[in-house]
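Work the whole structure out from these sequences, hints included.
Heads up: the protein sequence lines correspond to chains A and B, in order. FYI, in this note's numbering the residues of the first sequence are 1 to 114. FYI, in this note's numbering the residues of the second sequence are 1001 to 1114.
Just so you know, not all the hints are guaranteed correct.
[Stated by the list, open to error] Per label pair, the in silico range of CB-to-CB distance: (1) Asn62/A - Glu1016/B: 48 to 58 Å; (2) Lys1069/B - Gly16/A: 47 to 57 Å; (3) Gln14/A - Ser1070/B: 48 to 58 Å; (4) Ser65/A - Glu1066/B: 39 to 49 Å.
The set of hints was computed from the structure by calculation and includes no laboratory data. Using N, Cα and C, we set each Cβ at its ideal position, and we do this for glycine too.
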Amino acid sequence: DTAVSQTPKYLVTQMGNDKSIKCEQNLGHDTMYWYKQDSKKFLKIMFSYNNKELIINETVPNRFSPKSPDKAHLNLHINSLELGDSAVYFCASSLPGERFDTQYFGPGTRLTVL
Amino acid sequence: AQSVTQLDSQVPVFEEAPVELRCNYSSSVSVYLFWYVQYPNQGLQLLLKYLSGSTLVESINGFEAEFNKSQTSFHLRKPSVHISDTAEYFCAVSEIGGAQKLVFGQGTRLTINP
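Below is the structure:
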């Protein structure tokens, strides 16, 4: 059973388009995250949601808008795509408690903007 | 704010040789420490973590890491590597009591040669 799944796995699109990446977790976790991994493999958090509420919003352009319809899903919508948005986007989830809990990552979505 | 430095971008070793992947961090507050592994074309998986207690932590596949507070380091070691250990390894920290945000290092590519 897939714990954290993302669709699509690959996404190739033109500059200026709008696209969405979907993430679903079946772990019963309350918190979900989006991370961006650039071409140099550097990973950086973008957003996190806890029970559909935005918790972390790093300095990400407002072309990126996360949407959490329920606590099992956190989708990432990107408007007016730019070349620099090309990256691998990872979704993750965790069950927050008093101490840091393990974040479980999805397989990633490779976005290529032409 | 926290930052993580992985001192080696690539580490090639021969099979059955020992290996050490170095990680140093900077933080004005106490942090939790993690090592994640990313196998080719896959998402990240937690390898091991230090939350508190014994400064030496171990994984199920023979890796270990030691938290050294005075040197702000969390180096990863394995006494004898296998071909299957070939992967990208990421060191990460998270502020204790903070928003469960992982701050990653740049990653170290471990390549095992037969």
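C-beta pair asparagine 62/A, glutamate 1016/B: status relative to the range 48 to 58 Å that was hinted: Holds - the Cβ-Cβ distance for asparagine 62/A and glutamate 1016/B, about 51 Å, lies within 48 to 58 Å.
Cβ separation of glutamine 14/A and serine 1070/B, checked against the hinted range 48 to 58 Å: holds, 52 Å
Consistency of beta-carbon spacing, glycine 16/A to lysine 1069/B, with hint 47 to 57 Å: Holds - the Cβ-Cβ distance for lysine 1069/B and glycine 16/A, about 49 Å, lies within 47 to 57 Å.
Assessment of proposed distance window 39 to 49 Å (beta carbons of serine 65/A, glutamate 1066/B): The hint (39 to 49 Å, Cβ to Cβ) holds, given that serine 65/A and glutamate 1066/B are roughly 42 Å apart.
Going down the numbered hints, you'll see the structure goes against none, and every one checks out.
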